[in-house]
Amino acid sequence: MATSTNIVEFPSRGMETHPDFDAAVESGQKKPPETVAASSRFDVRDLTISEAGTKGPLGLRLTQAELYPMRQAYRREHITALRLLTLAIGRTQRALNAAAAQDMVDADTHIQKLQVLLPELFCCRRLGDGFGTIINSLMSAFEVLSGNTPDVRQIRAMNTVLQVLKEKPFLSADEADDHVDVLESVGLSPYPAELVEFLSSE
Amino acid sequence: MANPGRQRSKFPGDAIERERAKSAPSSNSVGPFDLSSFTLEQCVLETRYPQALALWDSSGALWRAVQEKWPDVRLVKAEPAKTSFQEGKTGFVVELQAARIIVLDSAKTTDELAKIGRDFFNLTALHLQLSLYERLGLRLIYFREFRDREEAASAFDSLRLLRVPETKKFEVGEKPVNQQYSLRWESEKKGASISCRAETRKIDYDPPVESIQIFSPIHKERNGIVVDVDYYTVAPVEIGQVDMGEWANHALHIVSRDTRYLFEA
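The listed protein sequences derive, respectively, from chains A and B. Counting from 1, one number per residue, gives the positions in the first sequence under the working numbering. Counting from 1, one number per residue, gives the positions in the second sequence under the working numbering.
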């Protein structure tokens, strides 16, 4: 693989009816012999032998903050989602701490605060189908809980799913389904009550 | 796009001829200039991924989906390991280990580029069943034309990027021309390279004898300065982390912010 992002070489052979996108030459490749241009496309690969930009260290991943470092370049729903997810993760964490301290009233307070964030998070579903799927699942889970406080395992599963969503807000619907299964595995019902009722009436 | 102070505006150089006239001053003296006086010639947005063998199964379905989104897209070339289409001055290429969009239309806005990038790369990820990107790259090539090679060299010198010997070297009395300056920054996660060079481009075209009444011969030389910026990721990213439109927007902001140093006194 090339060290640089591929480009279309400057068309030096004369008139072309359209730019030859297919001729995207990897930087450093020799130009065809018929080229008469003195176009000097400097080849950085001549200086660096390493495969720059490819095959990063295994296990190393870029975080959202590293991928999207410019605050002013965010889409509104993206930055809103990240802000709300940070809040939501904090609230589940505090609920877990309260539950660990046997203070279920405090845990319930934090869980209720989490629940009220979900409709606003659902408004950010333009980020992707996977995002909408997970938020919808959490909303359904709360609906089926009917005001009861989820147990520690369930809060922990919510925390895990929210953390995944914060790191991968653009996940696909298929990948989201895997995380919905995590919620289901701890006894939460991630499907709308109406849907469950409809399916069970068949 | 990506020109300082013009983030939301159209590419500065749609009317390339106008730009040429503006940037070809009559005297040899070259005043201060910055990236906003350049024309964005080429913008490439690229993803690289581990071998996507699904390309051989899903290429047709992928391009049909692309065609539904951009009905005017037309086939340029189709080979087993590489297919490319184009719509106007925008090219779409999908290979076994890379996919990219090439925009030669400086009239496109950043929002248009982001939308094209988001839609195209979402489709490629879906049809090629990708789970990981090994590299994301945005490469921008700017050009500013000068009257001749010496004027381009003088403009390059005015940037003071290089320390050039004052005395005669290699038995040549003339000042150096077609200078080049290149730097690369790279961490374990991200990288960028920048190249600034004075360039001479020659076009010599003689039409075939059967079309000589339609086309005129072209013998032309263009001299100018090229600023070539490549911003990319080094560490892999998972598909669910990436919205290419969003990433391109961030990359454009970073490039326009950090390329200015070239023109600082």
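If you are wondering where the hints come from, they were derived from the structure by calculation, not from laboratory data. Treat the hints with caution; some may be incorrect.
EDC-like cross-link-like pairs, simulated, lysine to aspartate or glutamate; straight-line CA separation at most 16 Å [what the hints assert, rightly or not]: (1) B:LYS189 / A:ASP178; (2) B:LYS89 / B:ASP105; (3) B:LYS89 / B:ASP57; (4) B:LYS202 / B:GLU186; (5) A:LYS166 / B:ASP105; (6) B:LYS175 / B:GLU134.
Pulled from the structure, derived: some chain B residues nowhere near chain A, Cβ distances all over 12 Å [as the list claims (entries may be wrong)]: (7) GLY60; (8) ARG100; (9) ARG147; (10) GLU151; (11) ARG160; (12) VAL242; (13) GLU246; (14) ASN249; (15) ARG260.
C-beta: ideal position from N, C-alpha, C; glycine also.
Now for the hints, and whether the structure bears them out:
Only pairs whose Cα atoms come within 16 Å are accepted, and LYS189 (chain B) paired with ASP178 (chain A) is rejected, the gap being roughly 28 Å. A hinted pair counts as satisfied when its Cα atoms are at most 16 Å apart, and LYS89 (chain B) with ASP105 (chain B) qualifies at roughly 6 Å. At roughly 28 Å between alpha-carbon atoms, LYS89 (chain B) and ASP57 (chain B) are farther apart than 16 Å, so this suggested pair is violated. Between the alpha carbons of LYS202 (chain B) and GLU186 (chain B) the distance comes to roughly 34 Å, so the proposed pair goes past 16 Å and is violated.
Straight-line distance between C-alpha atoms of LYS166 (chain A) and ASP105 (chain B) comes to about 35 Å, which puts the hinted pair past the 16 Å bound. This hinted pair does not check out: LYS175 (chain B) and GLU134 (chain B) have alpha carbons roughly 43 Å apart, beyond 16 Å. Distance check on GLY60 (chain B): its Cβ is at least 18 Å (rounded) from any Cβ of chain A, clearing the 12 Å threshold; non-interface status holds. For ARG100 (chain B), the shortest C-beta to C-beta distance to chain A comes to about 6 Å, within the 12 Å cut-off, and the non-interface label is violated.
Distance to chain A confirms ARG147 (chain B) as a non-interface residue, since its nearest Cβ pair spans about 16 Å, more than 12 Å. Interface exclusion of GLU151 (chain B) from chain A stands, the closest Cβ pair being 16 Å apart, more than 12 Å. Residue-level check passed: ARG160 (chain B) sits 19 Å from the nearest beta carbon of chain A, beyond 12 Å. For VAL242 (chain B), the requirement that its beta carbon stay farther than 12 Å from each beta carbon of chain A is not met, with the minimum near 6 Å.
With a cut of 12 Å on Cβ distances, GLU246 (chain B) falls inside the contact zone with chain A, its closest approach being about 6 Å. A beta-carbon of chain A is positioned within 12 Å of the beta-carbon of ASN249 (chain B); the least distance is around 4 Å. No beta-carbon of chain A comes within 12 Å of the beta-carbon of ARG260 (chain B); the shortest separation is about 15 Å.
Comparing the model with each earlier hint shows violations of hints 1, 3, 4, 5, 6, 8, 12, 13 and 14; every other hint is respected.
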